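**Student:** What follows is the residue order along each chain.
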Amino acid sequence: MTAELLGAWLFVLLTLSIFSFLYKDNPFYKAAEHLFVGISAGYVAVLFFWQQVQPNLFGRLWPSRIAVDDGSILYSIWYTIYEALNFISTGFGVLDRSIFPEGGIKGYEEIRMIYIIPFILGIFMLLRLIPKIGWLARWAIAYVVGIAAGLRFYAYLNSDILGQIKASGINFTSDWGTIINSLILLIGTICGLIYFFYSTEHKGVVGRLSKIGIYFLMIKFGASFGFAVMGRIALLIGTTNHLIDYSSVEYNYSTPIILIFIIICLAIWSFMDKGGENIESRA
Amino acid sequence: METIKRIFIILGSLDRRIIFLIVGLSVLIPLLKPEWVSIPIRPGQESQTVLDEINNLNAGDKVLLSFDYGPSTKPEIHPMTIALLKHMFAHDINIYAVALWPDGTFMSTQAFSEVAHDFGKEYGIDYVNLGFRPGAEAVVKGIASDIPTLYTIDVRGTSINEIPMMKDIINIKDFDFVFSLSAGFPGTTEWVQFACDPNNIPLSTGLTSVMVTDIVPYLDSGQIKGILAGMPGAAEYESLVNDELKKINIDGKPGKATSMMAAQSIAHVIIVIFIIFGNITYYLTRKNQRKEN
Numbered sequence: 012m013t014a015e016l017l018g019a020w021l022f023v024l025l026t027l028s029i030f031s032f033l034y035k036d037n038p039f040y041k042a043a044e045h046l047f048v049g050i051s052a053g054y055v056a057v058l059f060f061w062q063q064v065q066p067n068l069f070g071r072l073w074p075s076r077i078a079v080d081d082g083s084i085l086y087s088i089w090y091t092i093y094e095a096l097n098f099i100s101t102g103f104g105v106l107d108r109s110i111f112p113e114g115g116i117k118g119y120e121e122i123r124m125i126y127i128i129p130f131i132l133g134i135f136m137l138l139r140l141i142p143k144i145g146w147l148a149r150w151a152i153a154y155v156v157g158i159a160a161g162l163r164f165y166a167y168l169n170s171d172i173l174g175q176i177k178a179s180g181i182n183f184t185s186d187w188g189t190i191i192n193s194l195i196l197l198i199g200t201i202c203g204l205i206y207f208f209y210s211t212e213h214k215g216v217v218g219r220l221s222k223i224g225i226y227f228l229m230i231k232f233g234a235s236f237g238f239a240v241m242g243r244i245a246l247l248i249g250t251t252n253h254l255i256d257y258s259s260v261e262y263n264y265s266t267p268i269i270l271i272f273i274i275i276c277l278a279i280w281s282f283m284d285k286g287g288e289n290i291e292s293r294a
Numbered sequence: 583m584e585t586i587k588r589i590f591i592i593l594g595s596l597d598r599r600i601i602f603l604i605v606g607l608s609v610l611i612p613l614l615k616p617e618w619v620s621i622p623i624r625p626g627q628e629s630q631t632v633l634d635e636i637n638n639l640n641a642g643d644k645v646l647l648s649f650d651y652g653p654s655t656k657p658e659i660h661p662m663t664i665a666l667l668k669h670m671f672a673h674d675i676n677i678y679a680v681a682l683w684p685d686g687t688f689m690s691t692q693a694f695s696e697v698a699h700d701f702g703k704e705y706g707i708d709y710v711n712l713g714f715r716p717g718a719e720a721v722v723k724g725i726a727s728d729i730p731t732l733y734t735i736d737v738r739g740t741s742i743n744e745i746p747m748m749k750d751i752i753n754i755k756d757f758d759f760v761f762s763l764s765a766g767f768p769g770t771t772e773w774v775q776f777a778c779d780p781n782n783i784p785l786s787t788g789l790t791s792v793m794v795t796d797i798v799p800y801l802d803s804g805q806i807k808g809i810l811a812g813m814p815g816a817a818e819y820e821s822l823v824n825d826e827l828k829k830i831n832i833d834g835k836p837g838k839a840t841s842m843m844a845a846q847s848i849a850h851v852i853i854v855i856f857i858i859f860g861n862i863t864y865y866l867t868r869k870n871q872r873k874e875n
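So the sequences go chain by chain: A and B. Going by our numbering, the first sequence opens with residue 12, and the numbers climb by one from there. Going by our numbering, the second sequence opens with residue 583, and the numbers climb by one from there.
Don't read these hints as lab results, they were simulated from the structure. Since the model is a prediction, treat every value here as computed from it, not as a measurement. Just so you know, even glycine gets a beta-carbon here, dropped at the ideal spot from N, CA and C. One or more hints might be untrue.
Quick partial rundown of chain A residues pointing at chain B, CB under 10 Å, derived from the structure [said to hold, decoys possible]:
| hint | residue |
| --- | --- |
| 1 | Ser51 |
| 2 | Leu162 |
| 3 | Ser170 |
| 4 | Lys231 |
| 5 | Ser235 |
| 6 | Ala245 |
| 7 | Leu247 |
Modelling step: build the complete structure from the supplied sequences, incorporating the hints.
**Tutor:** Here's what the structure looks like:
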């Protein structure tokens, strides 16, 4: 219960600190914002490491030695590197083993040397921190960009371009409602594309069609805006629901107490800041 | 007439903080006093399509459920997750959970702990949680081609070779249906492009409202079978699933999205009123300026 209570108080404090921005930029908001960015980055880094790098990279390079070692000298050298990495990762033997457990990482039954390439490219990526050899990071970035472009090209062509062209065709065997609907979609698609066709000046027929295209685009942006408002309100409702839950006696009235505390602090801060610089100009 | 014009111009120069306060109250009051506002939920065609797609699956069929959202979008997506799990567990469908978002693992763990016990479902036999893998579209591509290489352990650290329901799972073709609970990138688009479209696997999705207009083209082209759109979609699906559960004598509790819809509707009315007021004020102010010039 103590942990739950602490979690609730922390949730309320951070949520109301973020909401305090609606009044104006202030130290509560700044603190919550920095905390959010820092924790998110730290959490993602740790998760990436323990869910991907440790089991899937190191685990493939140095699997459990019992499963792979046939007593050859090459294996001994390979696992000496493993022990060296362990020595570095434990702060030169100060900390307990965690990343590189005794005798290799369980999960795989053979050494996959091909994974040495992503391992090296990963190290290259970190070399950005050393300006003199930072250029090596470009190799890793080039690899990632190349892979992503290659992966995306076919998928986008197949599902978005060909799939959508097929879908914009009119099926004249269906009912009138569907035919009219398809016709509007087809006109909208063609006119929208003409609007983005800059090789010809938008005059005459092209100009009129591109104007129709603008109307279709406006409808799309309007729908997107409406849905965006709906989404933000839904998130506000979810957060407000939690704040209501945490204002009960089980949570020692955390919401009203913290709300009053923040209001008092902001009032004092605003009073003291009167005539002085605001937080934005100091930043 | 002049008085009305003046009122509109005064409303137009209202401090934004007062508008925030009014919107806040329009959300808070229906949540505190739900009995004051009762709005019926009428399921739409898209929610019905999702329900029908799940109903068409047989007991023992395999569904890949992708948790592509986090705490920031939980109010919109999580209620549909809970309704979906109830529906699928009631039909004895085997669920395989993955996450393309780091915090998706939290969402899946929480959702399973809320629902699995009520339906007597066992981990590793009726459902499995494979957790998060970084790589966005590369992960989807990996699931489409070779799952054992990508997922060596589940979210509990158990080797997938030791999980009974992972025995015959090689790639996406081993699943009968895919459902993406998505709040952005990576999410539904990647499932369409890299897994379901090339392999002809039926896909449905639950989305945040912001994403709806980007995903609707896939719906019209038949690349997606039904969508649950934001909180209204979640509320509609909750209501459909509750009716479905009643048919098979399972007592369904009202879901969270249904209880939040009143607040959503009131807030929308307030925002629409402010938009209308804002436009009238803008028009009047511009007219006055032209006169002065």
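**Student:** Evaluate each hint against the coordinates.
**Tutor:** Hints, one by one, checked against the model:
no.	hint	verdict
1	Ser51	holds, 9 Å
2	Leu162	holds, 6 Å
3	Ser170	holds, 4 Å
4	Lys231	holds, 6 Å
5	Ser235	holds, 5 Å
6	Ala245	holds, 4 Å
7	Leu247	holds, 6 Å
In the structure shown, no violation is registered for any of the earlier numbered hints.
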